[in-house]
Structures are given as C-alpha cells and as structure tokens.
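Just so you know, the protein sequences line up as chains X and B, in that order.
Read the first sequence against the numbering used here and you will find it ends at 248, with the numbers running on by one and no gaps.
Read the second sequence against the numbering used here and you will find it ends at 468, with the numbers running on by one and no gaps.
Treat the hints loosely; a few may be bogus.
Stated by the list, open to error - Part of the chain X face toward chain B, derived, beta carbon under 7 Å: (1) M52; (2) H54; (3) V76; (4) H77; (5) L86; (6) S92; (7) I94; (8) P95; (9) G96; (10) V97.
Don't read these hints as lab results, they were simulated from the structure.
No experiment lies behind these values; they were computed from the predicted model shown.
By construction, the Cβ of each residue, glycine as well, lies at the ideal position given by its N, Cα and C atoms.
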Amino acid sequence: MAEEVLRLTDLHVSVEGIDIIKGISLLIKQGEVHAIMGRNGSGKSTLANVLMGHPDYKITAGEAYYQGKPLADLKVHERARAGMFLSFQYPSVIPGVQVGNLLRKSVTSVQGESALNAREFRTELKRQMALLSMDKSFLTRYVNDGFSGGEKKRLEVLQMLLLQPKLAILDETDSGLDIDALKVVAAGINSMPSETASLIITHYQRLLDHVKPDFVHAMIDGKFVKSGGPELALQLEEKGYEWLEVAA
Amino acid sequence: MSDDVQDIVGDYRYGFHDPEDATIRFDKGLSEQVVRDISELKNEPEWMTDIRVKAYRHFAERAMPDWGNCQMLNAIDFDAITYFLRSSKGTENDWEDVPEAIKNTFDRLGIPDAEQKWLGGVTAQYESEAVYHSIREDLEQQGVLFFDMDSGLREHPEIIKKYFCSIVPYTDNKFAALNTAVWSGGSFIYVPKGVHVEMPIQAYFRINSKNMGQFERTLIIADEGSSIHYIEGCTAPTYSTESLHSAVVELIAMEGASIRYSTVQNWSVNVYNLVTKRGIAYKNATIEWVDGNIGSKLTMKYPAVILKGEGAHAEIISVAYSGAGQHQDAGAKIHHLASNTTSRILSKSICKNGGRSSYRGLLRVSPKARNCRSKIVCDALVLDSNSQSDTYPTMEVGNSSADLEHEASVSKVSGDQLFYLMCRGHSEDEAMGLIVNGFFEPFTRELPMEYAVELNRLLQLEMEGSIG
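Sequences are here, hints too, so could you generate the full structure?
Written out as structure tokens, the structure is:
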C-alpha cells in the first residue's frame, strides 16, 4: 500500500485574525495527484502557504501531518528539507543572487550529503533546463529579477525538478502562461518520478488537460464542497461553481 | 578576551593574537621627539624628517574634523597609543625567513596561499613595518617598482620626494597630518609607461598589539598608458582597548593610465579606521576605488578622485556593513576639474543590531569643466529597527552643462523574500545571508573571485544568529 504523505483533519486557518479555511480534510498518498479548484478568494493559496509554514498563516483548529509527523513541529526550511515543495504563484525577486547559484545552494540544503557533486549537478541541470526549453543564460540572471510571468513559472518548475520533492504543491503554476508555455510546464510536472505526490491548485481545467489528476476537490469559501475524480474538473469547467454553491 | 568584548564581536575569526615580541617598541604617546626618533631609526633623508616634524606641528594644532562622528572621534586618547613597533629585524623576501609567530599569523590569514595562486606581488605588514615582500620576476624585469614604503624611500628617494604629499598634503586634515608625522610601512609602486600588470598586487596589514597605531603610507604611480590593480586587506586581534589605523594613500594615474585600488577592511571592532585616500587622474586616465568596510569601531573614509585631465574617469564602489557598536561613515569625493570627465559612485550599506551606516559624499564640478557626467547611487538595507542609515550627499556644480544623476534608496528585507528562500531549504539566517550577499553583489563582482568568496563568507558569518 502506498505511504501516506499528507493528512489534514478538519483544518482551520486564519490570516490576520480572519478565518479563511474553515475545516478541510484531505489524505494524499505517495504518487497521487490531487487538484484543488476554486475561484479567487476561496482559500486555495492560503492552504499552500500554511502547508509550507508561512508565518502570517495560523492553524486555529484541526490537524496537519506530513509523513506522519505534526507539521507544526517543522520550521519552514525543515519542511523543505523533508521533501515539501511549493511552486509559488508570485515568486519573490532576490536581487543580486544568480539563478545558478541559488539552485546549487538549494539542492545542497535540501539533499544534504546525498546531493549530486558539482559535475553531476551540472549535467542534471542541463538536462532539466532542456526539458523546460530554458536557455543557459537563465543561470546568470538574478532570481526572478525582470522575469516575465512565463519565465518565473519555468524557474519554479525547474527548482521542483532539481529538488525532487516528495510532495509538490503547485500554486497557480498555470496562470499567465500561453499555450506553448503551459505545455512545457506540464511536461515538466509529468516528468516527476511516479512516487511524487502532488497538490495542484488552479483556477482552470486547462492544466489538467495535460496533467491528469487522480482526485479533484472543489473549494468554495474555505471548504471542499465536492470531491471526485478527473471528471469533476470537466464538470466545473462546463458548469462553473454556481451549482455547487447551491449544493453547499 | 572579556565576555562583553565577545558579545560585541561574536565570532570574529581573526581575533586571535600572538605574543608581543617586539624588538623595538616606543613608549606610548606622541611628541616631536618621537617623530624625530622614528625618522632617525629609519635613517631617513633630512627632507623627510622635516616633513614629518612640520606635519607633527600641524597635527598638534589642528582641530578634529568637524564632520563625521565627532563624539566617537573625541574618544580617541592619542597619549594611550604606541606609535612605532618593530617586530622583525627586517623585511624578508623568502617566506621561510619570516619570524615563526608572524608567519603563523599570515598562514592563518591565508596570505602565502593566495600569493602562489593569483597574485603578482605581495607585501605583508605587521605592526609598523613590512615583514615580507615579494614581486614576480617578470614584473620586475618590465621595470615595475614595488616596495614597502620604507624600502622605496631608500631605493628611489627621488620619485618619492617628487610625489609624497603631492595629492594628500599633511594640511589636509588632522589624521593626514598624524600619518605624515609618524608614517611607517605601506606600499610604493611605480608602473612604467605602457606596462599592464595583469595579476593584482596585494598588501596585507595586520595590527597585533594592544593600543597600537598603524600608519601606513601608500603611493602608487601609474605612468602613461599603464595599468595596475592593487588590493589590500586588513585585520587585527580583538582587545578590549582600542587601536588606531590611520593611513594615507596617494594615487597618480598619468595620461591614459588606469589604477584600480581594492580594499576589504575587516578590522576588529575596537579599531578606529581613519583613512585619507585620494587619487589624481590625468587625461583619459581612470581611477577606481573598490572599498569594502566590514569591521572597525568607527571608519571614516571617503576615497577621492581629482579628475584633472580631459576625458578622465572615476569609479568609486563601496560597501559598508555595520553591526552592534559600529559606525561606518564612508563615502566618496569626486572633483571634476576638466571637461568631458565622467564619474560613477555606487554605495551600498547594511546595518543591523544597532549599527550605523552613513554615506557622505561630495561631487564638485568646477565652472570651467564642461560636459561632465556623473551618476551616484546609494542603496541602504536596514535589517532591524534599532539600526540607522543616513545619507549626506553634497553637490557643488559650477556650470549648467553637467549631467548628474543621484538615486538613493533605503530598503528592508521583505518577509516574502525570506519565506521564498526558506521554502527552498534555507534556514532564516541562511536566507538573510543570501539576500545580503545579493545586495552586495554589484560590489563583490568587482573583486577577484577569491576575495569575493571570502567576503560572502564573512557576511554569512555576520548574519548567523542575527535573527531571534
């Protein structure tokens, strides 16, 4: 049986004293692809941030376990080192820090002694960049500085591929991409090892045309109002969220 | 080392000190006799003794500078300082001949290693005098002169007499007068016409004793069409009492020559670092000051360039880091005296734990200098609310043909930046270190790689434990 990666039980989350997530439960096992769909403000990004431990987001009730350990026991960087990864909706600009330098340092931080040596790393980096159609000039640019929307998302996916997470959380990784870029990003996600668990947060069905989810959860006002298989994504695309609001 | 000193300096890795085995140590305090004694001990020509004495008299009467951090300056007790200390019988050309204790010090600082790998020449000064000196043979054959200043004065008095005090007269300020009176050590370099010194030449300055004053004097002359990169590094042990480092540097770039002068100053936080640096650039010449201030209790340093000839260019790039109890009062001065001269000033400073960083700059364009261009950028990064950053720019523009730009920014590290990096596996301290290194990157990229790596490592150490 596949191992449990993430377990949320009746999780409540607030930001600056305002309740955003109002009781969600979720079980993600190794190799599973979960998609959370919902409109702006439904609490999707809050979930991504709280899972990684953003200091502004507070768990007010319920439980969250990563690989059987209470998430609350892990600091942000410890979660990353334990195999959690967040592809940011709005990645930060880090002036003066070159992409190549950050990639190398991050891989070393996360993988510790098992990290590739410098030469192996370069080979792997080259391979992954080719997959994402990224030019090597990326490596000497400053992290996200002056990047287009598509470039930022590619860099997020590149980091994911290099860090080889056990749980990849992708927050609106498809937003702002044209169809070609979307395909490239999807190919990147699909190239992850099959045991990787992922949680794809998205507005639209279109990324799910390329990355097949095992489970889809519709989120409205901080709750999962309906969960199902890939067909739910198609229904949401077709009918919108109103029919679920009625049901909720 | 007392506990409170340890609190202030944290893990200053150059804080060790050797036993003080001086062969000659002057009594503390300064008088005309001390100045004459130094000159006599060094067997100097009479004209040098005269300059020293005049400078001493000027020093004695001259008021403290009235800009900068006067409160901290007035705390200096000139009578508590040792003005001359000889630790070695002479300057050795072979590393093996350097006295064991001193050799160990420089070994720990990584000097001989660097020399083998990437330097064209090196001089190591310990207390008042150079203890080791070498220059690559090929440079010597091309006619490059590179000496410690004392040897330079013995070997080439005619050149030194011509240029000594020509760019920084002893009347310039109280500390320039003090340096001229009691100077010892420093570097003397002459690069002949058209010679390009490809590998940097380095000097390393080390204060070992308590209450020591180090007053090195450096003079670099790049003749027409030549070029040189000179690098200096500085450290001192951590004592609970203060030391004084007061250097004077004079640069002369003849027509078409270029001089780059890089400093990474990492004095321990009990050192007053009061340095006068100035260069003159003739027609189409370039002078660049690359100046990193990480250590010291108080630094007051404003590298200056006089753009004397048409088409000359000045570049002053500096970074300052101020932690607890430190004030980095650093900046730049540029005098556009000729037409079509250009300059760029980039100042970046970081303060934390109550430290203070100031940019103090002067840009002058003389009425006759037409079509001058200058760009000044000052960026400050303030890491906590009890630290202070301030900017004091002065511009005196004598005509309307000048094209000047000035940008200043003060920023904080955003929580989102830290979170982003932490999500990539970096602890909060490491994330802060990355951001700080990135902030200084426009500076570090101007340094040879070995220096840049060392500087980044130092800054990373400074960031450790910085976040509660």
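Status of each hint after checking the structure:
| no. | hint | result |
| --- | --- | --- |
| 1 | M52 | holds (5 Å) |
| 2 | H54 | holds (6 Å) |
| 3 | V76 | holds (4 Å) |
| 4 | H77 | holds (5 Å) |
| 5 | L86 | holds (5 Å) |
| 6 | S92 | holds (4 Å) |
| 7 | I94 | holds (6 Å) |
| 8 | P95 | holds (5 Å) |
| 9 | G96 | holds (3 Å) |
| 10 | V97 | holds (4 Å) |
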